[in-house]
Amino acid sequence: MTDRFVTRGFVGRRTAEGSGDVGSRIPPGQYITRDFPVLSAGPTPRTPLEQWTFSIQGLVKEPVSWSWQEFLALPAREWTVDISCVTKWTKLDMRWKGVSVDTLLEAVELDERAAFVIAWSDGGYTTNLPLADVLNGQAFVAYEYDGAPLVPEHGGPARLVVPARYFWKSAKWIRGIRLQAEDQPGFWESFGYHNRGDQWREERYSGD
Amino acid sequence: MARPLDWQLATVAGVHDETDTVRSFSLTLPNWGGHRPGQHVDLRLTAEDGYSVERSYSIASEPERAPEVDITVERIPDGEVSPFLHDVVVPGDRVELRGPIGGYFVWDAAQPGPLLLVGGGSGVVPLMAMIRHRARVGAMNPTRLLLSSRGADEIIYREELDRMSATQDGFEVVHTLTRERPAGWNGYSRRIDEAMLSEVLEPLGREARVYICGPTALVESAANALVRIGLAPSQIRTERFGPTGS
Amino acid sequence: MADMTTGDLMVDGNALAGLLAELFGADVTLVPAKCAACGEVNMMGGLHAYVQAPGSVLRCPICHAVMMRIVQTDRATRIEMRGIAYFRFERSSG
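These protein sequence lines are chains Z, S and X, in that order.
Each residue of the first sequence is one higher than the last, beginning at 1 in the working numbering.
Each residue of the second sequence is one higher than the last, beginning at 1 in the working numbering.
Each residue of the third sequence is one higher than the last, beginning at 1 in the working numbering.
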């Protein structure tokens, strides 16, 4: 209930989308959306594919880097997952194609101190995840969405996807990951958003 | 008198359809201190459970119409707010509003000199406040509005603009249509580009003050073109709406 | 501004005028701000604004560095202005 002036007849988009009627697939506080909203903190980067690389650096024995062609040649699979954004939309059954982070990490030898992954992107965006949160099929680098190459507005040519976390952790325009012993809050984590971002625990904001 | 930051209750006094998808709302406000042409208001809509959204709308009317304030809203089919405003709101309804807001995209007749206004679709709204104000105070500075619309039936304020264009007070509207060319059309029929801007700007001269409003892509492209033509960035003020259809 | 789902999301700082006015207590769209990264000075209303992210971000129109970030949570509003070297608020005389 609210003590604010209520606008006659206004319900907002969420009821029209039927929030709650698919039961437990919707995390707390979220509404289902049929479209795919674009959210961005900056201009859309446009790195030419001939210059694009994906690298793994930091606490690994030897850093590794793939060109675009090399990346596409890596073993890839299809993923159908539900995605939740901290701005409250949830989209069900999103179809992606990409490379599991497990596959990428097979190309390096991790230092035993490696505990955190910092994902970094064109345009300066960063986000942080515990290493344990990106292993065992929990994260992938996607380059196709809904059967077509991922468009720049949605993070193309490639973005990280971590379905079990709010979508700000799924860094668009990803260019690499860095393994660290220390955690390092990223662009939004360092500024009021929750360090972990588990949508099922509604971890949206850090303690005020 | 309410400060511009304070939310107050506006009453919808009347509605008027500008085109099939664009409607103007006349609002009366209990505590309105006036505005400058180009400023906007924020509306806040709240559902019974407290869920609320805010949107900004440029003021379409001239300050001389106070205490009545008009906004003009395009109905976006998947939108959350514009379909509500079009389909549900009727005269007598009240909405929360604050304003006027924004000192950046403002022109009034105290600023002399030639004026070029460039609008795309509903980007014409704040420019219309400037044009209406100019006519009301009897300003005579050479002023041109270059207005891009998809089709002739989608030109917002068409009759009023054509009527004002016909009076001899130095104002002229130049139309361009991007998706159709009706029989007998003698305006431009393509997207705004450097050549068009150059031609439209010519009688006004390179010292003209410029205001561009509309979808981000149109505004970017027009602003960049004008700088290439030789205008200083400081002569140009922009109001980007975001992507097409906003 | 109004609803959007695709395309270039950047708008002008003027779009945040209401929120900035709440924070600063006055309209700041005409206040010049100096970018800490490149040194260019632009009015707040002319900065590049991204308002659809989890928070709002204002960037330098010249070098695109982040000048200001604003996040509104349930209980508080955070503003970060590390990217602004200074603001210049003109005082009226008398």
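Do not rely on the hints blindly, as some may be mistaken.
As the list claims (entries may be wrong) - Computed footprint of chain Z on chain S, listed as stretches where at least three residues anywhere in the stretch have a Cβ under 8 angstroms from a Cβ of chain Z:
#1 45–56
#2 77–88
#3 91–102
As the list claims (entries may be wrong) - Partial chain X-side listing against chain Z, Cβ under 10 angstroms, derived:
#4 V57
#5 E80
#6 A85
Unchecked claim - Simulated restraints on C-beta separations:
#7 Z/G147 - S/G34: 48 to 56 angstroms
#8 Z/S55 - X/R91: 46 to 54 angstroms
#9 Z/R4 - S/R190: 46 to 54 angstroms
#10 S/G92 - X/A85: 37 to 45 angstroms
#11 Z/G207 - S/R136: 52 to 60 angstroms
#12 Z/Q51 - S/G34: 15 to 23 angstroms
#13 Z/N195 - S/D93: 53 to 61 angstroms
#14 Z/T47 - S/V174: 38 to 46 angstroms
#15 Z/Q184 - X/C38: 21 to 29 angstroms
#16 X/V41 - Z/N195: 29 to 37 angstroms
#17 Z/G147 - S/V137: 56 to 64 angstroms
#18 S/P83 - Z/G147: 25 to 33 angstroms
#19 Z/L92 - S/D93: 33 to 41 angstroms
#20 Z/G124 - S/G34: 36 to 44 angstroms
Quick caveat, the hints were computed from the structure, so don't treat them as lab data.
Glycine is no exception: its CB is placed at the ideal position from the N, C-alpha and C atoms.
Taking the hints in turn, this is what the structure says about them:
1. Look at the segment 45–56 of chain S against chain Z: 9 of its residues bring a Cβ nearer than 8 angstroms to a Cβ of that chain, three or more, so the hint holds.
2. Only residues whose C-beta sits within less than 8 angstroms of a C-beta in chain Z count toward coverage, and the segment 77–88 of chain S has 4 of them, enough to reach three; the restraint holds.
3. Counting residues of the segment 91–102 of chain S whose beta carbon lies closer than 8 angstroms to any beta carbon of chain Z gives 4, which reaches the threshold of three, so the coverage claim holds.
4. Annotation: X/V57 was flagged as interfacial toward chain Z, and the flag holds, the nearest CB pair being 4 angstroms apart, inside 10 angstroms.
5. Checking X/E80 against chain Z by beta carbon gives a least distance of about 6 angstroms; that is within 10 angstroms, so the hint holds.
6. Contact between X/A85 and chain Z, as hinted, is not supported at the beta carbon level, the nearest pair being about 18 angstroms apart and thus beyond 10 angstroms.
7. One distance hint, 48 to 56 angstroms for the beta-carbon pair Z/G147 and S/G34, holds here, with the actual separation near 55 angstroms.
8. Between Z/S55 and X/R91 the CB atoms are about 52 angstroms apart, so this pair conforms to the stated range of 46 to 54 angstroms.
9. Here the CB-CB span from Z/R4 to S/R190 is close to 47 angstroms, well matched to the stated 46 to 54 angstroms.
10. For the pair S/G92 and X/A85, the supplied restraint of 37 to 45 angstroms is violated, since their beta-carbon distance comes to about 51 angstroms.
11. Between Z/G207 and S/R136 the beta carbon distance is about 54 angstroms. The supplied range of 52 to 60 angstroms therefore holds.
12. Range check, Z/Q51 to S/G34: Cβ separation about 54 angstroms, and the 15 to 23 angstroms hint is violated.
13. Between Z/N195 and S/D93 the beta carbons are some 44 angstroms apart, a value that contradicts the proposed interval 53 to 61 angstroms.
14. Checked against the given bound of 38 to 46 angstroms, the beta carbons of Z/T47 and S/V174, roughly 39 angstroms apart, stay inside it.
15. A C-beta distance of roughly 25 angstroms is found between Z/Q184 and X/C38, which places it inside the suggested range of 21 to 29 angstroms.
16. Evaluation of the 29 to 37 angstroms hint for X/V41 and Z/N195 yields a pass: the beta carbon distance comes to about 35 angstroms.
17. The hint said 56 to 64 angstroms for the Cβ distance between Z/G147 and S/V137, and at roughly 58 angstroms that hint holds.
18. Separated by about 30 angstroms at the C-beta atoms, S/P83 and Z/G147 satisfy the suggested range of 25 to 33 angstroms.
19. At about 35 angstroms, the beta-carbon gap between Z/L92 and S/D93 stays in the expected band of 33 to 41 angstroms.
20. Between Z/G124 and S/G34, the C-beta spacing of about 42 angstroms keeps the proposed range 36 to 44 angstroms intact.
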